[in-house]
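*Asks:* So the chains spell out like this:
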Amino acid sequence: MKLELKNVSFGYKDILLFNDLSYMFKGPGLNVLLGPNGVGKTTLIKIIAGILKPYRGIVLLDGEPLAKGSAAYVPQDNELLPWLTVWSNVELPLRIEGVDGGERRLRVLRALESVGVSSKASMYPKHLSGGERKRVAIARALASNAGILLLDEPTANIDPGGRKSLWRILRDIAREKLVIVVTHDIGEALMEGEVIHVMAGRPSRIVETLMGGEGAWGQLRRIVETYYGG
Amino acid sequence: MGSAEKDSGNILWRLKYTAYVALSLSVFIALWYVASSISGKPYMPSPASVAFKAYLEAFQGNLIDNTIITLKRVLTALAIATALGFSTGLAAGKTSLGSRSLRPFILATYPIPHATLIPILLWILGVEWSKIGVIAMITYYPIAVSAMEWSMRTPRDYEDLIDSMGGNFMHKILYVTIPYMIPGFLTGLRMAVSVAYAIVFLAESFVLTGGLGAYIEESWHRLDYEGVYVGVVTLSILGVTSYTILWLLEKAYRSKFM
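These protein sequence lines are chains A and B, in that order. Heads up: the first sequence begins at 3 in the numbering used here, then just goes up one per residue. Heads up: the second sequence begins at 7 in the numbering used here, then just goes up one per residue.
Worth flagging that the hints you see were computed from the coordinates, not collected in a lab. Nothing false has been slipped in among the hints.
One side only, chain B facing chain A, incomplete, derived with CB under 8 Å:
(1) Pro161
(2) Asp163
(3) Tyr164
(4) Leu167
(5) Met171
(6) Gly172
(7) Gly173
(8) Tyr181
(9) Pro185
(10) Lys262
Quick list of in silico lysine-lysine cross-link-like pairs, DSBU-like style, CA-CA up to 35 Å:
(11) B:Lys100 x A:Lys15
(12) A:Lys70 x B:Lys100
(13) A:Lys55 x A:Lys8
(14) A:Lys8 x B:Lys100
(15) B:Lys178 x A:Lys8
(16) A:Lys55 x B:Lys100
(17) B:Lys262 x A:Lys166
(18) A:Lys128 x B:Lys100
(19) B:Lys178 x A:Lys166
(20) A:Lys70 x B:Lys262
(21) A:Lys28 x B:Lys178
(22) A:Lys128 x B:Lys178
(23) A:Lys55 x A:Lys70
(24) B:Lys178 x A:Lys55
(25) A:Lys15 x B:Lys178
Treat the numbers as computed from the prediction; the structure is a model and nothing was measured. No residue lacks a Cβ here, since even glycine has one placed at the ideal position from N, Cα and C.
So here's chain A without its partners, still in its complex pose (with noise of 0.2 Å):
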């Protein structure tokens, strides 16, 4: 799975974010985004959602334009829909998708298993905590069949505990799928990260791309001192 971003600019007002950037992405595998606040990872992740248009330039996934809905995308906040339960969160993009009900239900509750929030299926996101309504984020993209997931800061405000159980998954899918994670905290980066691109300068690019694991804990101080000003 080759999923490419080709020529793309976009900016906000008159800053101008990313120009002509082209970059490719290689899954399956655990890919995650690296670099100081502002330098565009958010973004460049919702471009590739589909959120964001580039003002040039395209997202292609094999080749092929990336359809809608082909990467489901997890925000920091404001993952879940408050007035929808677990299961219709994660029952929702099936609906949109027009997955039929017998269908939809057996990938819902799959989904939920998988991520082992089944049990948690009749509750409300605001019962949930804050690993939880990750997992069931997780789940919902999941159930989604999108070939590339695409999350921002999920171990943001999680516990410890919370943290190593949401990326052992995220490791687990990463088996088939392209995940794709935002984060800012360089040591989980490089300890839970399989491939980290770190992302720099104005327009930004990426820069550099390293092997995740024990061996890349010694790029530590070069990155911080490179990039973060350190």
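Chain A is already provided as a structure; the job is to place chain B on it using the hints.
*Replies:* Here is chain B on its own, set in the frame of chain A:
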């Protein structure tokens, strides 16, 4: 907070609230009693004589019939105002055409003193529908403005979610905008209901064809002081009850989802 603690907190809150309502009602009736005793005038009857009159009117007179007539007019007008206010407010808040055309129209015509249109509406809509028409016209505004403002405030994140699922404009309206704007819409409806009972009095006392407004007006002409008070109190009870029901609905919605 555990659910047992939450439940006991809710019960405590309900008890406190009921106690406050009972207390303020008692203070009001006591003050009325004192005012009536001090003045000694026939136009300031005591709460007891008004209550007795209400009892007689309910069982022997036409108080209940008039109350039903008024309620029918108010509810019909509110149904019309809600259908129009909700849809135009939503269109003004969420579509570019609505924002360019309906939004300025709603905001520019809001301050017009619509009650002065009763005589003109009487020619256009006839005796019965002019009453409903003027209430609908006046209650339309708080509903439309609240629907417009709240639909404009829909959090971007929720709409982004629908976008990323490949959803269209109608999916956003159905799954995000409408559920999000319901509490704000209920606030607008609550404001509209308070106004509706004031306007129904004006409309019904303009041409007397039944209803509590006509009942008050006729009692006033007969110098039936208790009758006037019975009409006013009944209208007030209707207003307070409707307001409270909507307030509780809004509170229940907010506490369930928000």
